[in-house]
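A.B. asks: The lines below spell out each chain.
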Amino acid sequence: MQMVRVSGRHRGDIRLYALSTCGWCAKTKELLNTLGVEYSYVFVDLLPQEELEGALSEVEKYNPAGSFPTLVIDGSRVIVGFREAEIREVLK
Amino acid sequence: MSDDEISGALVEERVKALRRDAEAGGYILNPDEDFVRKLARGICINEKRYGYPSCPCRLAFGRREEDRDIICPCDYRDPDLEEFGACYCALYVSPAVAQGKAPLVPVPERRPPRSARKSMGAQAGGVKGLPLPVWRCRVCGYLCARETPPLVCPVCKASKDRFERFM
Ligand code: SF4
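If you read the protein sequences in the order shown, they are chains X and C.
Following the numbering used here from start to finish, the first sequence increments by one per residue and tops out at 249.
Following the numbering used here from start to finish, the second sequence increments by one per residue and tops out at 1444.
There's no promise every hint is true.
No more than 20 Å apart at the CA atoms, straight line, and that leaves these computed lysine to aspartate or glutamate pairs for DMTMM-like [unchecked claim]:
1) X:Lys218 - C:Glu1386
2) X:Lys184 - C:Asp1311
3) C:Lys1434 - C:Glu1360
4) C:Lys1434 - C:Glu1300
5) X:Lys249 - X:Glu195
6) C:Lys1315 - C:Glu1289
7) C:Lys1315 - C:Asp1298
8) X:Lys184 - X:Glu195
9) C:Lys1437 - C:Asp1309
10) C:Lys1437 - C:Glu1424
11) C:Lys1395 - X:Glu217
12) X:Lys184 - C:Glu1386
13) C:Lys1378 - C:Glu1360
14) C:Lys1395 - X:Asp170
15) C:Lys1405 - C:Glu1441
16) C:Lys1293 - C:Asp1309
17) X:Lys186 - C:Asp1311
18) X:Lys186 - C:Glu1289
19) C:Lys1315 - X:Glu187
20) C:Lys1437 - C:Asp1355
21) C:Lys1395 - C:Asp1438
22) C:Lys1434 - C:Asp1355
23) C:Lys1325 - C:Asp1346
24) C:Lys1434 - C:Asp1309
25) X:Lys186 - X:Glu241
26) C:Lys1434 - C:Asp1346
27) X:Lys218 - X:Glu187
28) X:Lys184 - C:Asp1309
29) X:Lys184 - C:Asp1298
30) C:Lys1325 - C:Asp1309
31) C:Lys1395 - X:Glu210
32) X:Lys218 - X:Glu208
33) X:Lys218 - X:Asp231
Beyond 10 Å from chain X on every Cβ pair, some chain C residues (computed) [stated by the list, open to error]:
34) Ile1322
35) Leu1358
36) Val1384
Computed footprint of chain X on chain C; a stretch qualifies when at least three of its residues, placed anywhere within it, have a C-beta under 8 Å from a C-beta of chain X [what the hints assert, rightly or not]:
37) 1309–1318
38) 1330–1344
39) 1385–1392
By construction, these hints were calculated from the structure, which means they are not laboratory data.
Don't be surprised by glycine CBs; every beta carbon is placed ideally from N, CA and C.
For reference, chain C alone in the conformation it holds in the complex:
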């Protein structure tokens, strides 16, 4: 597969979708439009290459179960925005960074290293006595009590496999 097959139109569409979703969710894209376009292109390439839009700044292996946490928006976006004012790729930035009131700094990798990831995915045991299990969206923190997680998160649109058993 050649990355040149990603057309400019596809990238523009992705930028629009990113902007729309960001605005709907109260997030802000990096004001550097050219930088955003490059990242959007990377996301398009990854979606084509791996079958899911994984983070353009992280190495994916094409196995969705192992890369779930780095499907954009990744599990680490919100804590990185909170602590550093940007997500790892700087696709999303905090209001202060967007307004130029805080500098854009390199964000260290929050994703656990490969060796530590193996043990990830352990789910909470489940609290006895609850009529239903509680599921948590790992992207935005949305909680719901139902037999299974929803197909897509009603808040951030993350897919079902981004949910973890919370209680």
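The following block holds chain X by itself, in its conformation from the complex:
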């Protein structure tokens, strides 16, 4: 599954699983841009059909609900949903 890389301040391996149609996903992505951190993202809904199941399984590993946005930091810290204060705190 291809992720898009956004350059910025390195604060660890930051991965955002998002949907292109989702309001909270957009806000989360905007926040990452505002914070200026380096991150990778993928709009899961835009993946080809045959990659969907696999991508969702990957999200479910971190967030069993399989919901979006799911933000994964260094493969361990997981923030589900647009939790602005928490994201700011972790990435400051």
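Given chain X, work out where chain C with the ligand should sit, using these hints.
C.D. replies: Relative to chain X, chain C with the ligand alone:
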């Protein structure tokens, strides 16, 4: 299919329809009009992409039977409004949130995870002795006793496949 094919006019039309239906049903749209417009656009995109207007904040697979519960307005809107003051996407909000008396908080996903959804759709067994089965609209709770559910819910306009056997 490119999402750019969704015209601004189509989105505006959808916003109007959402507002009209919300008002008719006693619901309130998020006062942030720009946010509402983005979600309306997402709903339009999903309708075009999957053939039904599924929730813009949830992943759909294009199989209506499996995504029935997340066709907007979803089965989870009312319990989320009740508990959190907003639906999962925050397209709909409670009066308190709309008036700024309560904060808009992130709503956790109420939809059961994929693994648990497989067993969903089990219908009530049916009460013996009733002259007709009773059907329940999963969106608004409307009940009716008739051979089959109505084509559309007379209260919230949800389609026939949003009904479940209640009794
Ligand atoms: S959470 Fe439910 S009611 Fe709200 S926009 Fe999504 S589908 Fe519609």
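A.B. asks: For each hint given before, does the structure comply? Return the numbers of the non-compliant ones in rising order.
C.D. replies: Those not satisfied are hints 3, 9, 14, 18, 24, 27, 29, 30, 34, 36.
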